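Protein sequences appear in the order of chains V and C. The numbering of the first sequence is our numbering, which starts it at 1 and goes up by one. The numbering of the second sequence is our numbering, which starts it at 1 and goes up by one.
Bear in mind the hints are in silico, worked out from the structure with no lab data behind them. Predicted model, so just to flag it, every value in this text is computed and none were measured. Keep in mind that the hints are not guaranteed to be accurate.
[Claimed, not checked] Below, in silico cross-link-like pairs of lysine to any residue (SDA-like), each with a Cα-Cα straight-line distance of 20 Å or less:
(1) V:Lys91 - C:Leu32
(2) V:Lys320 - V:Gly443
(3) C:Lys149 - V:Met703
(4) V:Lys194 - C:Arg127
(5) V:Lys695 - C:Gln45
(6) V:Lys194 - C:Arg142
(7) V:Lys184 - V:Asp239
(8) V:Lys251 - V:Asp239
(9) V:Lys695 - V:Leu676
(10) V:Lys251 - V:Ala54
(11) V:Lys695 - C:Arg127
(12) C:Lys149 - V:Lys251
(13) V:Lys512 - V:Leu573
(14) V:Lys683 - V:Gly232
(15) C:Lys149 - V:Pro704
(16) C:Lys149 - V:Lys320
(17) V:Lys194 - V:Pro176
(18) V:Lys695 - C:Asp128
(19) V:Lys91 - V:Thr148
[What the hints assert, rightly or not] Here are some chain C residues pointing at chain V (derived, C-beta under 7 Å):
(20) Asp19
(21) Phe26
(22) Gly36
(23) Lys38
(24) Gly42
(25) Gln45
(26) Cys46
(27) His84
(28) Pro85
(29) Phe92
(30) Ala98
Glycine residues also receive a C-beta, built at the ideal position from the N, C-alpha and C atoms.
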Amino acid sequence: MQTRRDFLKSAGVLVVSFSATAMTPEWLSAQGPFATHPSHIDPNQLDNWLAVGADGSITANTGKCDFGQGMLTAQTQLVAEELCVPLSRVKLIQCDTDRTPDQGTTSGSQSTPTNFNDEGLALAAATAREALVAMAAVNLGEQAGQLTADDGVITGRSGRRVRYEELVSNGHFRIPLNPNAKRKAVSQWTVLGKPVPSLDRTALMTGRFEFVQSVRLPGMLHGRVVRPPGMGATLAGVDESSAGGIPGLVKVVVRRNFVGVVAETQQQAIAAARQLRVQWNPGPELPAQSSFFEYLQKQPSHDVLSVDSGDVEAKLGASKAVLRARYTYPYQMHGSVGASCAIADVKPDHATIWCSTQSVYPTRSVLSKILGLPLDNVRVTFVRGSGCYGLNGADAASFDAAVLSQQVGRPVRLQFSREDEMKWENLGAACVVEHTAALSLDGTIAAWRRENWMASLGNRPGYNRPGNIISGALLGYEAEPFNRQQASAPKGKLRNNSNAVPPYFAGCIDGKCQGEGTIRSERALTHTVPSPFFTGPLRSPSRIQNTFANECFMDELCAEARDDPLAFRLKHLQDARLIAVLKAAAQAANWPTRPLQRAPGARSGIATGAGIACVNYEGGNGYAALVAELSVDLATGVVRPTRFVVAVDCGPVSNPDGLRNQIEGGILQGTSRALLEEVTWDKTCITSVDWVSYKTFYLDYEMPSVETVIVNSQSGPALGAGELSITVTPAAIGNAIFDATAARLRAVPFTPERVMAALNPAQDSR
Amino acid sequence: MPSNFQLRVNGEEHTVTVDPETPLLFVLNDELGLCGPKFGCGMAQCGCCTVIMHGQVVRSCVMPVSAVGAREITTLEGIGTPEHPHPLQQAFIEEGAAQCGYCLSGVILTAKAVLDANPHASEQEMRDALGGVMCRCFTHLRMMRAIRKYAEEKKA
Numbered sequence: 001m002q003t004r005r006d007f008l009k010s011a012g013v014l015v016v017s018f019s020a021t022a023m024t025p026e027w028l029s030a031q032g033p034f035a036t037h038p039s040h041i042d043p044n045q046l047d048n049w050l051a052v053g054a055d056g057s058i059t060a061n062t063g064k065c066d067f068g069q070g071m072l073t074a075q076t077q078l079v080a081e082e083l084c085v086p087l088s089r090v091k092l093i094q095c096d097t098d099r100t101p102d103q104g105t106t107s108g109s110q111s112t113p114t115n116f117n118d119e120g121l122a123l124a125a126a127t128a129r130e131a132l133v134a135m136a137a138v139n140l141g142e143q144a145g146q147l148t149a150d151d152g153v154i155t156g157r158s159g160r161r162v163r164y165e166e167l168v169s170n171g172h173f174r175i176p177l178n179p180n181a182k183r184k185a186v187s188q189w190t191v192l193g194k195p196v197p198s199l200d201r202t203a204l205m206t207g208r209f210e211f212v213q214s215v216r217l218p219g220m221l222h223g224r225v226v227r228p229p230g231m232g233a234t235l236a237g238v239d240e241s242s243a244g245g246i247p248g249l250v251k252v253v254v255r256r257n258f259v260g261v262v263a264e265t266q267q268q269a270i271a272a273a274r275q276l277r278v279q280w281n282p283g284p285e286l287p288a289q290s291s292f293f294e295y296l297q298k299q300p301s302h303d304v305l306s307v308d309s310g311d312v313e314a315k316l317g318a319s320k321a322v323l324r325a326r327y328t329y330p331y332q333m334h335g336s337v338g339a340s341c342a343i344a345d346v347k348p349d350h351a352t353i354w355c356s357t358q359s360v361y362p363t364r365s366v367l368s369k370i371l372g373l374p375l376d377n378v379r380v381t382f383v384r385g386s387g388c389y390g391l392n393g394a395d396a397a398s399f400d401a402a403v404l405s406q407q408v409g410r411p412v413r414l415q416f417s418r419e420d421e422m423k424w425e426n427l428g429a430a431c432v433v434e435h436t437a438a439l440s441l442d443g444t445i446a447a448w449r450r451e452n453w454m455a456s457l458g459n460r461p462g463y464n465r466p467g468n469i470i471s472g473a474l475l476g477y478e479a480e481p482f483n484r485q486q487a488s489a490p491k492g493k494l495r496n497n498s499n500a501v502p503p504y505f506a507g508c509i510d511g512k513c514q515g516e517g518t519i520r521s522e523r524a525l526t527h528t529v530p531s532p533f534f535t536g537p538l539r540s541p542s543r544i545q546n547t548f549a550n551e552c553f554m555d556e557l558c559a560e561a562r563d564d565p566l567a568f569r570l571k572h573l574q575d576a577r578l579i580a581v582l583k584a585a586a587q588a589a590n591w592p593t594r595p596l597q598r599a600p601g602a603r604s605g606i607a608t609g610a611g612i613a614c615v616n617y618e619g620g621n622g623y624a625a626l627v628a629e630l631s632v633d634l635a636t637g638v639v640r641p642t643r644f645v646v647a648v649d650c651g652p653v654s655n656p657d658g659l660r661n662q663i664e665g666g667i668l669q670g671t672s673r674a675l676l677e678e679v680t681w682d683k684t685c686i687t688s689v690d691w692v693s694y695k696t697f698y699l700d701y702e703m704p705s706v707e708t709v710i711v712n713s714q715s716g717p718a719l720g721a722g723e724l725s726i727t728v729t730p731a732a733i734g735n736a737i738f739d740a741t742a743a744r745l746r747a748v749p750f751t752p753e754r755v756m757a758a759l760n761p762a763q764d765s766r
Numbered sequence: 001m002p003s004n005f006q007l008r009v010n011g012e013e014h015t016v017t018v019d020p021e022t023p024l025l026f027v028l029n030d031e032l033g034l035c036g037p038k039f040g041c042g043m044a045q046c047g048c049c050t051v052i053m054h055g056q057v058v059r060s061c062v063m064p065v066s067a068v069g070a071r072e073i074t075t076l077e078g079i080g081t082p083e084h085p086h087p088l089q090q091a092f093i094e095e096g097a098a099q100c101g102y103c104l105s106g107v108i109l110t111a112k113a114v115l116d117a118n119p120h121a122s123e124q125e126m127r128d129a130l131g132g133v134m135c136r137c138f139t140h141l142r143m144m145r146a147i148r149k150y151a152e153e154k155k156a
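Let's have the full structure, built from the sequences with the hints guiding it.
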């Protein structure tokens, strides 16, 4: 295959050679037989994670890949640190079903928790270091405890030295991961924890970095898809002769409701897709966007009760100070800047697919189903695409490329158009949240009930659900069926993965309080309801929707209590780490302590204000507090953030520069989502299909300043960070708008029209 | 019908045989094997495909190859190499001004063209020029810092 890319060269694998005479570490004999794993690459075997080359280089395999969040650099640092070698000697192989262990999907802020604590890549690296030291002890005839490893050399007390590659010549490690292998202490880190410049930056800045869009194979053809006019439409007929005059057209491919074209060049494929006459039976009419949230609340639902103290109704009924509010959050898009692309080479008995999926193993499994090939005969290799922020069109493109390649028997590069990408991606879910709460006479919250409706259809295909995304659905596969379910009483562990439970809840289940807060009269109910559009994880899925509603309603209660937003929050929290980030952000922002009031503000000019919001992401995967400062033009309703101060605690930090980059980007992406982004549709289909119809901001946006305070705990597990700051951004902005104007925005995005309507409620209702 | 076109790209002469309507982007990617300019939207809305044509930034996704003529084309890889990056690329490297990096042709080449034409371009003029360039990872702060750094160096 014609590629300039080292990591696509399967011939480039350097398998570890380990000395057969090396001693077997004593813990090995206690290990017993290894559990089998569905992947052919056993994750319990060290050789499947790490290799020492004849030149002393370390090749490491990881199932967590880099989409621009810095995982390439951080994982390279991790391996270099644990193996005591310079960064330059480590080569990281990312997500390839022929080479890397199955680590599921790179998503959900789980790469750091998974690979930087005591399992996965970290455990493999620690196992390797200990094994090398044990082998060196035998080689040098010294006690393992007296050896030091540095720069790929192990030195004994006597001064005798042995290099890693000398210890591992002629063989494999042939040892399992040691669950008791010890990571190096954070205090000893010299590579990890440092702001190492991202390893890909020079190639990126000079235009040499090869994205999946750049992959070219010999004999490769170009494909495009022809999508239906709208959701639920079915194929009535294809007039293949209509594209007959297109030079270079190789084939019109039809399979169930999937239609695509393959041609010699991109230009010809585009022309054929445009010219091809396809008849469709229309799908059902879509619910009206203007009343969509009411529609959602009437749908059958799958209910989960996260927490229920049982006394909320009584407390609310007895109170004179009851507050109610309803919040709405629209469908939003991943909107990757590069439309998705995949390259497939499907032969009669095996297939290779290069794509930017977050899930190489699940994608392999689904592709084996779609192609009718044995699992082991399908190889999926990750090649980075443009930033995805979740389930963008990457998986769909990989399915389409594979189907087209199988039909023409040649490699096919499938490139989505902008509309293919935006009209059919799995959207970030629309959501409604209703809150009811009562204040006590002392100004604290006596009881709080919250209920939300989250739209859902499809999601990640996983290992066996191709129909969860458009490409599988068009091939005739069903999406995950919707099951109605009544909520049962909460039991056992408090599950707050979606941040449906506000941090101020005590989170008591069976007498055991597991939340971050103090409110003991509490109830949180989630309704998952059918969505007319495919949905899927979009950076901070459900968490941003819930946190927006929870943190803004907390502000409403604060205003009712005429308290200061920071003080009011602290009054209702008992979690030390959440309290610490709140205080750190407030201090860095020089938070203006004052009672939040619902006094009518000025009517003209520019109003300024500050708002605060916090989250314990997923109830235990990182802490963030954000202060937003902004101005509102009272004549136009335009909101302009001027300053953000954020404090984060995500445990030991692998790369502070990478972390800051994620935190800054998260806040600005959150600002775009809070102020501008909203999917629109008509009776048949999504109408926000390009950068004119789907609003976001460009490089000319008047930038606020962003200050990041890293509350770096040296102990405890390393936590996720990529979704921390975005989660609190819409809430902090909404709260700052209230502070500036006394207008409460309860619907994202906070467009000028919505701000004007909130500023002039009477005018709005006339 | 495919025709022959003489193109001057990054200082080298190339002859390609393609349909005259073929967007310059596809010629750069598919015929010349360049990966600096990238397909983002195909509608000149995002900037990923930006190249410099005789000093002016153009969106190569909507520029037919037949419209290029004898004008010199410069892509992101044409202004510097990993060993010797252009000073503006160097400023981006120093500031770590990328996340996924897919958008960089638009950001770097647009800023370069503006500052080449007017080294004293104001902040507002710079922002106006970048009005059609997007970065969906929102690395805006670092990018603007890198551009300002380069602008200061250029003035000095």
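Comparing the hints with the structure gives:
Between the alpha carbons of V:Lys91 and C:Leu32 the distance comes to roughly 29 Å, so the proposed pair goes past 20 Å and is violated. The suggested pairing of V:Lys320 with V:Gly443 holds, with an alpha-carbon distance near 12 Å, which does not exceed 20 Å. The suggested pairing of C:Lys149 with V:Met703 holds, with an alpha-carbon distance near 16 Å, which does not exceed 20 Å. Restraint check for V:Lys194 and C:Arg127: the C-alpha separation of about 33 Å exceeds 20 Å, so the hint is violated.
This hinted pair checks out: V:Lys695 and C:Gln45 have alpha carbons roughly 12 Å apart, not beyond 20 Å. Proposed proximity of V:Lys194 and C:Arg142 is supported: the alpha carbons are some 19 Å apart, at most 20 Å. The straight-line distance between the Cα atoms of V:Lys184 and V:Asp239 is roughly 65 Å, outside the 20 Å bound, and the hint therefore fails. Among the hinted pairs, V:Lys251 with V:Asp239 is consistent with the structure: their alpha-carbon atoms are about 13 Å apart, no more than 20 Å.
For the proposed pair V:Lys695 and V:Leu676, the alpha carbon gap of about 6 Å is at most 20 Å, so the pair holds. Under the criterion of a C-alpha separation no larger than 20 Å, the hint pairing V:Lys251 with V:Ala54 is inconsistent with the structure, at around 48 Å. A C-alpha spacing of about 18 Å is found between V:Lys695 and C:Arg127, which places the hinted pair at or below 20 Å, so the restraint holds. For the proposed pair C:Lys149 and V:Lys251, the alpha carbon gap of about 52 Å is over 20 Å, so the pair is violated.
For a cut-off of 20 Å, the pair hint linking V:Lys512 to V:Leu573 stands: about 16 Å separates their Cα positions. For the proposed pair V:Lys683 and V:Gly232, the alpha carbon gap of about 12 Å is at most 20 Å, so the pair holds. Restraint check for C:Lys149 and V:Pro704: the C-alpha separation of about 18 Å stays at or below 20 Å, so the hint holds. Taking the CA atoms of C:Lys149 and V:Lys320, the gap is near 59 Å; set against the 20 Å cutoff, the hint is violated.
Between the alpha carbons of V:Lys194 and V:Pro176 the distance comes to roughly 30 Å, so the proposed pair goes past 20 Å and is violated. With a C-alpha separation of about 18 Å, the suggested pairing of V:Lys695 with C:Asp128 holds against the 20 Å cut-off. Of the supplied pair hints, the one linking V:Lys91 and V:Thr148 is violated, its CA atoms being roughly 23 Å apart against a limit of 20 Å. The interface hint given for C:Asp19 is met, as the beta carbon of that residue sits about 6 Å from the closest beta carbon of chain V, less than 7 Å.
Interface hint status for C:Phe26: upheld, as the beta-carbon distance to the closest one in chain V is roughly 5 Å, under 7 Å. Proximity of C:Gly36 to chain V holds as hinted, the smallest CB-CB distance being about 3 Å (cut-off 7 Å). Satisfaction of the interface hint for C:Lys38 is found here, the shortest Cβ-Cβ separation to chain V being roughly 6 Å, below the 7 Å cut-off. The closest approach between the C-beta of C:Gly42 and any C-beta of chain V is roughly 6 Å, which is under the 7 Å cut-off, so the hint is satisfied.
Because the beta carbon of C:Gln45 sits about 4 Å from the nearest beta carbon in chain V, less than 7 Å, this interface hint is met. Evaluation of the C:Cys46 hint against chain V yields a held restraint, the C-beta minimum of about 6 Å falling below 7 Å. A hinted interface residue such as C:His84 counts as satisfied when its beta carbon comes closer than 7 Å to some beta carbon of chain V; here the least separation is about 9 Å, so the hint is violated. Of the supplied interface hints, the one on C:Pro85 holds, with its beta-carbon coming within about 5 Å of a beta-carbon of chain V, less than 7 Å.
Satisfaction of the interface hint for C:Phe92 is found here, the shortest Cβ-Cβ separation to chain V being roughly 5 Å, below the 7 Å cut-off. Hint status for C:Ala98: holds, given a least beta-carbon distance of 5 Å to chain V, under 7 Å.
Checked against the numbered hints listed earlier, the structure breaks hints 1, 4, 7, 10, 12, 16, 17, 19 and 27; every other hint is satisfied.
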